[in-house]
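> For the protein sequence lines, the chains are A and B, in the order given.
Residues in the first sequence are numbered from 1 upward in steps of one, following the working numbering.
Residues in the second sequence are numbered from 1 upward in steps of one, following the working numbering.
In short, the hints are calculated from the structure, not lab data.
Values in this document were obtained by computation on a predicted structure and should not be read as measured data.
Check each hint, because a few of them may be wrong.
In silico DSBU-like links for lysine-lysine, alpha-carbon gap of 35 Å or less [what the hints assert, rightly or not]:
#: 1; chain 1: A; residue 1: K38; chain 2: A; residue 2: K269
#: 2; chain 1: B; residue 1: K77; chain 2: B; residue 2: K8
#: 3; chain 1: A; residue 1: K135; chain 2: B; residue 2: K77
#: 4; chain 1: B; residue 1: K8; chain 2: A; residue 2: K135
#: 5; chain 1: A; residue 1: K53; chain 2: B; residue 2: K8
#: 6; chain 1: B; residue 1: K8; chain 2: A; residue 2: K38
#: 7; chain 1: A; residue 1: K161; chain 2: B; residue 2: K77
#: 8; chain 1: B; residue 1: K148; chain 2: A; residue 2: K53
#: 9; chain 1: A; residue 1: K281; chain 2: A; residue 2: K172
#: 10; chain 1: B; residue 1: K77; chain 2: B; residue 2: K148
#: 11; chain 1: A; residue 1: K161; chain 2: B; residue 2: K8
#: 12; chain 1: A; residue 1: K38; chain 2: B; residue 2: K155
#: 13; chain 1: A; residue 1: K161; chain 2: A; residue 2: K172
#: 14; chain 1: B; residue 1: K77; chain 2: B; residue 2: K155
Residue strings, one per chain:
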Amino acid sequence: MHPFAYVAPSTVAEAVAVLDEHGDRARPLAGGTDLLVKARANVWELDAVVDIKNIPELMNLSVGSDGLSIGAGVPCYQVYDNSEIAAEYPGIVDGVSIIGGIQVQSRAGLGGNLCNAAPSGDGICPLIVHSAVAKISGPSGDREVAVEDFATGPSRTVLGKGELLVSIEVPKPAANSGAAYTRFIPRNEMDIAVAGVGVFVQLDSSGQNFESAQIALASVGPTPILASAAGDSLVGKPVNDETIAAAAALAKEAATPITDMRGTVDQRKQLVEVLTGRMIKQAVERARG
Amino acid sequence: MTTNSPSKVHVTTTINGQQHELLVPPYMSLLDTLRELIGLTGTKEGCLDGNCGACTVSVDGRIVDSCLVLGAEVNGKNVNTVEGMATPEGLHPLQQAFLEEAALQCGICTPGFLVAAKGLLDNEPSPSEGRIRHWLAGNLCRCTGYDKIVRAVQKAID
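Whenever a hint applies, use it, and build me the whole structure from the sequences.
Encoded structure:
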């Protein structure tokens, strides 16, 4: 591992200044579960790591009438241990509950999951289907980017030189809505998704018809994919096996996987169809309460 | 080390109830800090990438993989390792149960399993078998096939 300096600033401005000074040779340190692995493997040669866990905004976790705000350094367990979040954002809890094991969940969080930009990031699809927004600070000011646009390729993001993810803002879900996420792995725990699907649905007040739907896919493209056509196909339709199967088929169309050690193109596309159907049904169940 | 290596970090931390003041190389893991700077070699190095859990310690009551934590990060924190489990009065109930159930063969994974299981039982006094297996999914054992380990944790509950 290349010897790097450790800095632990207490403000966003100080963190941005260090990141800006070092460019690609500095990285923010949240849980370290990706950073230290990559540094040790010399994927990244770093001169400095910027521990962001002393910056209050990046450790803030709040849920209220205006939605959910997740600081970039908040670890997974704080999200799933929060009963209000578990009740209102079960799809997000589905994701953070399966990232690594308990040890990893003590440190890793959604901010790091987003910035690591793995196509398989289990935390990302639930955020996409909730229309979450990433708040970014940088040398030339603050900006916001939709989570669906945050990753630009495997391990690549929209973050420019000196830019730091500050928080993820999730709008408060509409009434009669529900969300769910799952992945397929060949074991029960501690693995990387062969394919993953997140779904958000909003039903009408009868609970029998879809008012809106968002579907996002993991591990079947260079980034997590928002399958817009699949989600849009449900709008205004009744909740039944036909409409759900049609949406699942469109999600399969949107998947652009590769064959690798974890699975083949055909298996992954098949998984997307099956998991999409299941997750729509689970999201509907949750929407109906 | 090169001559221009980054300067060491001053860390004050409590390890197994005892305060330590350390100068830690900024890129040194908590695992190496414990083993090499303090001499607490009970915590083991396994995969070095967060899969095996052999290096599990607790930091402020949460179990973590110490290979994926920097020593510099535990300034002001409470670290507990396997060496902190037994008391002068005897072994921790988990350690005793691991012995009685023969929940170890080569023993490399054992400190990590013990610290991880303690992390569970400290917060949940009577977890189900399913909960135990889920909680310990971040710890790998290549000898026992896990059943004896799970039985030992269940015995420690009783």
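> Are the hints correct? Go through all of them and say.
Going through the hints against the structure:
no.	hint	verdict
1	K38(A) with K269(A)	holds (29 Å)
2	K77(B) with K8(B)	holds (18 Å)
3	K135(A) with K77(B)	holds (29 Å)
4	K8(B) with K135(A)	holds (33 Å)
5	K53(A) with K8(B)	holds (19 Å)
6	K8(B) with K38(A)	holds (22 Å)
7	K161(A) with K77(B)	holds (32 Å)
8	K148(B) with K53(A)	violated (38 Å)
9	K281(A) with K172(A)	holds (21 Å)
10	K77(B) with K148(B)	holds (33 Å)
11	K161(A) with K8(B)	holds (27 Å)
12	K38(A) with K155(B)	violated (39 Å)
13	K161(A) with K172(A)	holds (32 Å)
14	K77(B) with K155(B)	holds (31 Å)
Comparing the model with each earlier hint shows violations of hints 8, 12; every other hint is respected.
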